[in-house]
Amino acid sequence: MAGFDKVVLSYDEAMAGLDDGMTVIAGGFGLCGIPENLIAEIKRRQTKGLTVVSNNCGVDGFGLGILLEDKQIRKMVASYVGENALFEQQLLNGELEVDLTPQGTLAEKMRAGGAGIPAFYTATGVGTPVAEGKETRTFHEKEFLLEESITGDFAIVKGWKADRYGNVMYRHTAQNFNPLAATAGKVTVVEVEEIVDVGELEPSQIHTPGIYVDRVIQGSFEKRIEKVTVRS
Amino acid sequence: MALTREQMAQRVAQELRDGYYVNLGIGIPTLVANFVPQGMEVMLQSENGLLGMGAFPTQETLDADMINAGKQTVTAVKGASIFSSAESFAMIRGGHVDLTVLGAFEVDVHGNIASWMIPNKLVKGMGGAMDLVAGADNIIVTMTHASKNGESKLLADCSLPLTGKGCIKKVLTDLAWIEIDEGQFTLVERAPGVSVEEIVEKTAGKLVVPEHVPEMTFA
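Protein chains in written order, with this note's numbering: chain B, 1 to 232; chain Z, 1001 to 1219.
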């Protein structure tokens, strides 16, 4: 590698430095826009005791769900964890800890974490179990909760196209949490469908500027669909 | 007769206005999209980052990168925009969505809503529901008036853990249109053929019944 060139050629290199007990922030919504090969690489490495922050935890046998098979996840921070029998089982056995976080708060925690903001006030969750143990404050006669932001040792991200400098574009709703996760990792790894030459991406159309990105790798993707719905 | 799911969606659709940005939850709220009045334009917001959700795709246009918040494959309408989850919830929390429709387990006279957690049952998570109720001014809750065992879901105080506090003002059940203000329910409309007595009997929280309660009308 030289200069701003972030491209790595193997998944082993892409996830180098991942250790037991680390926090990994992952992009994706359901199975849409998930970094499926980076997740598979975490499974291959058998890293244990991970805290994983992602909107969902995949499904049985795909996405983040495969990290449950060998009990690699110690704690999951997510807004919704249905559709996953192994998750339920490990949660009930006490092998897995879960921190259910409202979806918008989760997105903002990542955004704020990446933007150097340690905490923020939100009305979301006031008067609910989410508020337990959290500081509240009144602004304009309305009550708000103080929520702390999140950063990760690693952020794993799925993009559509990237250039060698790590400028990334996402495709359709596969964007979701990915650009937020990208800002919040000490090491941010982006896997994409296509790596293009520097200068090919229109600067004003870039979703994630390369400054946030440490490593880029080109992969091939299954892109499994959770609920195929078509009109007749 | 109690309203069918389709009739409930149809009644909610009467609250749509031309130019509204609308977020529809899963279940009955989703059906509201089928009853947008002719000639009216509304834009559907899906909290995974899509403003301008369209119909389901055909087999030929199926795309794994185009889904809605229910994880179903969808299309985008002309004039749609797609963005990150943070942007999506900025719209929601910031009060930019004109109408939010969602389901619930219970609603009480204080405008509290419980919709995500039943203690001692497996909790899957709140998804975006807490953000939606905290950020929106104009929310319609759709639910059946009473449980299958006949227990009222319109209470003096919610018994389940809350999704949001003091945020609900309008409820459409299969029996009635109810509004919430100053710690009481008001019966605004009743389903065709449903008596005021039945609604009173199935409403546990304090219910104000005006002298005349019109029946809902459907075009």
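Bear in mind the hints are in silico, worked out from the structure with no lab data behind them. The structure displayed is predicted, hence computed values, not measured ones. C-beta: ideal position from N, C-alpha, C; glycine also. Do not take every clue at face value.
Below, a list of computed lysine-lysine pairs in the BS3-like style, where the Cα atoms sit at most 27 Å apart [said to hold, decoys possible]:
#1 B/Lys161 x B/Lys43
#2 Z/Lys1078 x B/Lys223
#3 Z/Lys1165 x B/Lys134
#4 B/Lys48 x Z/Lys1170
#5 B/Lys75 x Z/Lys1121
#6 Z/Lys1169 x B/Lys142
#7 B/Lys227 x B/Lys134
#8 Z/Lys1121 x B/Lys227
#9 B/Lys134 x Z/Lys1121
#10 B/Lys186 x B/Lys43
#11 B/Lys142 x Z/Lys1206
#12 B/Lys71 x Z/Lys1124
#13 B/Lys227 x Z/Lys1124
#14 B/Lys43 x Z/Lys1170
#15 B/Lys223 x Z/Lys1124
#16 B/Lys75 x Z/Lys1169
#17 Z/Lys1169 x B/Lys161
#18 B/Lys75 x B/Lys43
#19 B/Lys142 x Z/Lys1170
#20 Z/Lys1148 x Z/Lys1170
#21 B/Lys227 x Z/Lys1078
#22 B/Lys71 x B/Lys43
#23 Z/Lys1124 x B/Lys134
#24 B/Lys142 x Z/Lys1121
#25 Z/Lys1206 x Z/Lys1148
#26 B/Lys48 x B/Lys227
#27 B/Lys161 x B/Lys223
#28 B/Lys227 x B/Lys43
#29 Z/Lys1124 x Z/Lys1078
#30 B/Lys71 x Z/Lys1165
#31 B/Lys161 x B/Lys48
#32 B/Lys186 x B/Lys71
Facing chain B, from chain Z, some residues (calculated, C-beta under 7 Å) [to be verified]:
#33 Gly1054
#34 Gln1059
#35 Thr1075
#36 Lys1078
#37 Phe1089
#38 Met1091
#39 Asn1149
#40 Ala1156
Does the structure break any of the earlier hints, and which numbers would those be? 4, 7, 14, 16, 17, 24, 26, 29, 30, 31, 33, 35, 36, 38, 39, 40
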